[in-house]
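Asks: Assembling the complex is the task here: the two chains are given apart, and the hints tell you how they should meet.
Going line by line, the protein sequences match chains W and G. First residue of the first sequence? That's 1415 in our numbering, and the numbers climb one at a time after it. First residue of the second sequence? That's 3 in our numbering, and the numbers climb one at a time after it.
Think of the hints as simulated: they come from the structure by calculation, not from any bench. One thing to keep in mind: the hints can contain errors.
As the list claims (entries may be wrong) - Pulled from the structure, derived: some chain W residues nowhere near chain G, Cβ distances all over 10 Å: (1) Leu1446; (2) Ser1452; (3) Lys1542.
Stated by the list, open to error - List time: in silico DSBU-like cross-link candidates among lysine-lysine, alpha-carbon distance up to 35 Å: (4) G:Lys41 x W:Lys1542; (5) W:Lys1544 x W:Lys1586; (6) G:Lys57 x W:Lys1583; (7) W:Lys1542 x W:Lys1583; (8) W:Lys1586 x W:Lys1542; (9) W:Lys1586 x G:Lys41; (10) G:Lys41 x W:Lys1440; (11) W:Lys1467 x G:Lys62; (12) G:Lys41 x W:Lys1496; (13) W:Lys1542 x G:Lys57; (14) W:Lys1499 x W:Lys1544; (15) W:Lys1527 x G:Lys41; (16) G:Lys62 x W:Lys1583; (17) W:Lys1453 x W:Lys1527; (18) G:Lys62 x W:Lys1453; (19) W:Lys1542 x W:Lys1425; (20) G:Lys62 x W:Lys1496; (21) W:Lys1575 x G:Lys62; (22) W:Lys1467 x W:Lys1544; (23) G:Lys62 x W:Lys1542; (24) W:Lys1583 x G:Lys41; (25) W:Lys1496 x W:Lys1544; (26) G:Lys62 x W:Lys1544; (27) W:Lys1467 x W:Lys1496.
Just so you know, these numbers come straight off a predicted model, no measurement behind them. We treat Cβ as the ideally placed atom computed from N, Cα and C, and that holds for glycine.
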Amino acid sequence: MFLITRPRYDKTTHYLFYWTGNIIQKAQRLGLTIYDLSKERASRKTVESFLIKRSPQVTIFNGHGSNETMAGQDNEIIINSKNAKLLAGKTVYMRACNAGRVLGQRIIADGSKGFVGYIEPFMFPYDKDKISRPLEDDLAKPCMECSNQIAYSLIRGSSAKEAHEEGIKKHKEKIDELSTSDMPPYIIAFLFWNISNQVYYE
Amino acid sequence: MTNKEQEQKNKEEVSDEIVNLVIARLETIPPNVAISVGKEGNFGVQELIEKVRVKDEIGKKIIDMELHYLRSLPELLTPKDIEKDVSDH
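Next up, chain G with everything else stripped away, as it sits in the complex (with noise of 0.2 Å):
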C-alpha cells in the first residue's frame, strides 16, 4: 500500500461495524500475548481491545493492520492452497 493509499485510509471514518470485527479478532488473543507497536508502547490484549473502541491513535493503528490484512486475504493464498481445496471437493 502506497503513504497515499495508506492516509487516505487512515482519513475514512472508521464504522461501528468494523470496529466490533477487529475488537472480535483481538478477542481471540490468549491474554498472555503482549504487542508491541515499537515506540508507542506494549499493550496487552484488553488494552488494544480498548484502544480499538475509543479509536486513538494505536486504536486505528491496530484497526488499519487488522484490516489491511483482511483485505489481502485472497492474495495471500498461494496457489498450493488453490490447488488443495479444489481436490478436496
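Here chain W stands alone, though its shape is the one from the complex (with noise of 0.2 Å):
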C-alpha cells in the first residue's frame, strides 16, 4: 500500500499534482493500492489519519518543505518532528525543498525504513503558456520525470538506496540525451541541480 500526498494551491504544486498522477496512474496499472492524498486532503489530521490506521509501506510527499518540514495543502505542515515516528517502518520520498537537510535525519532516527530527499530547493523550469497543461510542458517534462524515476522504483519495491540510485541514473541519461538534441540546454543545469542535492538515508 503506498500514500502520495499531491497538494494543489501555487504553480509549483499544482506540476507536481499533474506529473505526480502518472505515478498513480502507474501504480493503477500495477494493481497496487494507492492513496492519494490531493488537495484537501493533503492535510496533516488526514495524513496523520491514513498513516496511522492504514499503514502504508511506502509514502510519498509532494509539496514545499524546509530542513525541519514537509508541507501539503496551502502549505499546513502535515510532517514534522513532532509527528515523524508516524513513518516508522515506512520507506519516504519527499519531492520538496530542504528536507533532507534535517527531517529525513529525524525520519530515519524515528523509525523510518529509508528517505529520499533533497537538501536544496527543488527547482524546475516550465513553460508559462502551458500552465492550463502541465502534461505537455515539454520544459517542465525532464525535471518531473526524472524525479518521478525516484517514486516508480519505490513502488516496485526498491528500497531508498535503490530508488536514489535510479533516479540519478535517470537524471545522467536525460542529461546526455538533452546534451545531444534541439532541447534548450538551459534545462540540463537544473536537472544537475537536483541530482547533486538528492539525499537517501537508510
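Replies: See below:
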C-alpha cells in the first residue's frame, strides 16, 4: 500500500499535482493500492489518520518543504519532528525543498526504513504558455519525469538507496540525451542541481 | 557536494565577473520560461536576472546552481561524447 500527497494551490504544486498523476496511474496499472491524498486531503489530520489506520509501506510527499518540515495543502505543515514517528517502518520520498537536511534524518532516527529527498530547493523550469496543460510542458518534463523515477522505483519495491540510484541514473540519461538534442540546454543545469542535492538515508 | 562545501561556497564573495557570467547565461532563456524555486516562489527570467544582480538569497541560489553546473561540465561528458570528439578530429 502506498500513500501519496499532492496538494495543489500554487504554480509549483500545480505542476507536481499533475505529474504525480503519472505515478498514480502506473501504480494502478500494477494493481497496487494507492491512497491519493490530493488538494484538501493533503492535510495534517488526513495524512496522520491514513498513516495510523492504513499503515502504507511507502509514502511519497509532494509539495513545499523546509529543513524541518513537509507541507501539504495551503502550506499546512503535515510532517515535522512531532509526528515523524508515524513514518516508522515506512520508506519515504519527499519531493520538496530542503527536507533532506534535517527532517529526513529525523525520520530515519524515528524508525523509518529509508528516506529520499533534497537538501536544497527542488527547482524546475516551465513554460508560462503551458500552465493550463502541465503534462504537455516539454520544459518541465525532464525534471518531473526524472524525479518521478524515484517514486516508480519505490512502488516497484526498491529500497531508498536503490530508488535514489535509479533516480540519479535516469537524470544522467536525460542529461546525455539533452546534450545532443534540440532541447534548450539550460534545462540541464536544473537536472544537475536536483541530482546533486538529492540524498538518501537508511 | 556536501553541506559543508555548499555553506562554504555561499559565504564566499561572488565577484562581478561571476554575476555577469550567470546573467549572460540567463539571458539565453526565452521570455516564456519561468522557474520554480520551491517555496521561494516562481520567477520569470528578468526577475531572476535582477535577483542575481543584487545577489539576494534567491539570486545567490541561482548563481550556485549555474556555477555548480559549469564547474561539473567535465564530469558530465560521457565516454561516448569524448570518443565522438576524438573521432571528429
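Asks: Tell me, in ascending order, the numbers of any earlier hints that this structure violates.
Replies: Failing hints, ascending: 3, 11, 14, 22, 25.
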